Amino acid sequence: MKSNDTSRREFLAAAGLLATAAVTGCATKENPFQPDAADGLKPSGKKIKLLSVDGEVIEVDEAFLKPVPHLPPVSNEQARIGIPGKKFVMVIDLSRCKSVKACQSACNHAHQLQGDQNWIKVYPMQDADHTAPYWEPTTCMHCDEPPCVKVCPVDATFKRQDGIVLIDSDRCIGCRFCMAACPYSTRVFNWEDPGLPKEVADQPYSCESSVPQKKGTVGKCDFCADMTRQGELPHCVSACPNGVFMFGDMIQDSVTNGAETFRFSDLIRDKAGYRLMEDLGTKPSVYYLPPVNRNFPFKNDEAKPEEKKS
Amino acid sequence: MDTLAKQQITEDLLPQKFGKQGQIWVAFLSVLCLVGFIAYCRQLSKGLVVTGMRDYVSWGIYISNFVFFVAISLVGSLITAVLRLTDVHWSTPLTRIAEIIAVSAVTFASIIIIVDMGRPDRFYNLFIHGRLQSPIVWDVIVITTYFFISLLLLYFPLLPDLQILLKYKEKTNKYLYKLYTFLGSFWKNTPGQISISNKAVNILCITIIPVAFSIHTVTSWLFATTYRPGWDSTNFGAYFISGAFLVGAGGVVVAMYVFRTHYKLEKYITDDHFDKMGKVLVMLALLYLYFNVNEFLVPAFKMKKPEEEHLLGLFTGEFAPVFWFAITTAMIIPILILIFKKGRKPKPAFVAGLLVVIGSWFKRYLIVTPTLLHPFLPIHDVPASYHHYFPTWEEWSIAIGSLAGALLIITFFARIFPIIPIQETITETEEHEKA
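Protein sequence lines, in the order shown, are assigned to chains A and B. Take the first sequence: its letter number 242 is residue 242 in the working numbering, and every next letter is one higher. Just so we're on the same page, the working numbering is the position in the second sequence counted from 1, plus 1000.
Note that these hints are calculated values from the structure, not bench results. Predicted model only: the values in this text are computed from it and were never measured. Hints are all accurate, no fakes.
Footprint (simulated), chain A over chain B, 3 or more residues, beta carbon under 8 Å:
(1) 1043-1049
(2) 1126-1133
(3) 1366-1376
Under the rule of at most 30 Å between Cα atoms (straight-line distance), these lysine-lysine pairs were calculated in the DSBU-like manner:
(4) A:K283 <-> B:K1305
(5) B:K1279 <-> B:K1264
(6) A:K150 <-> B:K1304
(7) A:K271 <-> A:K98
(8) B:K1046 <-> A:K215
(9) A:K86 <-> A:K271
(10) A:K150 <-> B:K1305
C-beta atoms are modelled at their ideal positions from N, C-alpha and C, and glycine is treated no differently.
The following block holds chain A by itself, in its conformation from the complex:
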């Protein structure tokens, strides 16, 4: 069973890399770009530029491209268990945030969010009248005592061994109790059909990728569980130009924003990391570093137009 699993994962990883377009027979032939009589294919003369795995731009004739059907990267059972030996954690450094919202747009794009949905929100915060305002991006807190999971009547939202809280959109009954239970207002609802392009809507659903979103079910930040399984960073982390988000594994005690890597425990100790609404006992997996010695002044351009609107 175990060896079976590994080979399947390797195979699926390969399929994933070439998910949008794969070149015929690349595994068996010396030169996969030469037409093969057995395939019965003739060059169409129309070349398409592709980015190879090594990062080189290559040109391939259109005729040799064949679509590979999408496969879910892991089974539902595996997705519910999580990655063994990991405890994912995020650190958000408020001193670096200037509300560029690149995190938000990368997240929306990666999860094919339509309309008004945002899984990441960037709040202009001011704790008291005379304290300094700052930007506070929020993701799902992936609480260790998740109130949403407690109230879900059908185990559609669940907590994994690796600390990630996910939603199974194939099981969710749309009662929205989890939305009422979440104190961080992190959950959104698909009030209507998400209206996804056909190729996205037809993708096989996985609760790790959270794509495609489904009508009448709840959605939220999934810590990009599909990316972490591949050993990659969540989209918000790599998209942020200011390195606000740091992601990593608490057991390895390291977090990174792609450019810099820190020892998690040192970072939290030296910069006085904290979590949101600690008093509720939800035990979030997302830590914040206070907005001291800021990289940018706080400038809120959105406050006024929004006030006008409402």
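Could you slot chain B onto chain A? The hints should help.
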């Protein structure tokens, strides 16, 4: 008691055909139900986007309507069980009214909760993937239990009456006769049957009390088990139960008046009944007022930051008109009417009962929605429309349709079965004469 008097009671209380008024009433309710059904079909095809609910106000008038139905259904246990077990006899003519209100309200509570689901097609997941730690699953269990106990409490006392109905074959039509035969032909009024039935009713009366408390306490926990200001309250169970008895008793007074005037039942639903129910209503309104004081005054004294916005919204802000309307119409005005002896005459008592029911509906709305508009983190990164909630026509139609549906069940029940227990009335009159 002579047979003539018995005959008179029986003929007075036999179900009557719909008159012109009755037909108009049924047609009116049916139209409301139909409009609600059409609106629901729209919602099924387009999704919950047809409602005014969005990511912040994710529960709206469907859920407040659900709470209202569960609340009003509690009266079945109050009138039938609590008063019966405490040996109060004046309420006997009211038991069936209370019990049919309970059954129809619980039925529509279940329907409206399915209407609120984003994926009603996956309802079965509650049974194949149900997790016992979720208050929703507790609610499903206790509401189902309550429904069946209420149904049996409606059915067992009906058996002797069915036997009477079967005797009056000439007064009923073919289909109803078949129905009565199906439901009650095995009942022969033997002492053995009567004693089994009495025992069963006693057992049901005892079991329904904890179950009734459970359904509304668990319903309150759907809110109280969250962290949100306005819901995070240890007072919630008792607050809900007291409010439920109030609205239920109000509903019974309204139904009493309507049946009394429409079916000319002045001999059976007497002024004395209104007087006594009026006193019950005053007591329940004072009780609910007491829990309201607890619910609002204590947090308002402290004005913790997360609570402040919510409370000010209710007292002086966006929801103040509805809040004060609900408090005055559901509690204060009915108390002021009913503390006077003249106020406990049928007509003013009916008005007071109606005010209780209307005020209580809006009270449920205030329990559900304003809290959702005051989350811990400010509402942000959403369209401006998410800052407010107003139900759409689809929501109104479905909510009103469900209320009409519940009334329709009660109306048809009164058409088919005697709304005042015939046999029990005869027995009690006999006992009264003996004494």
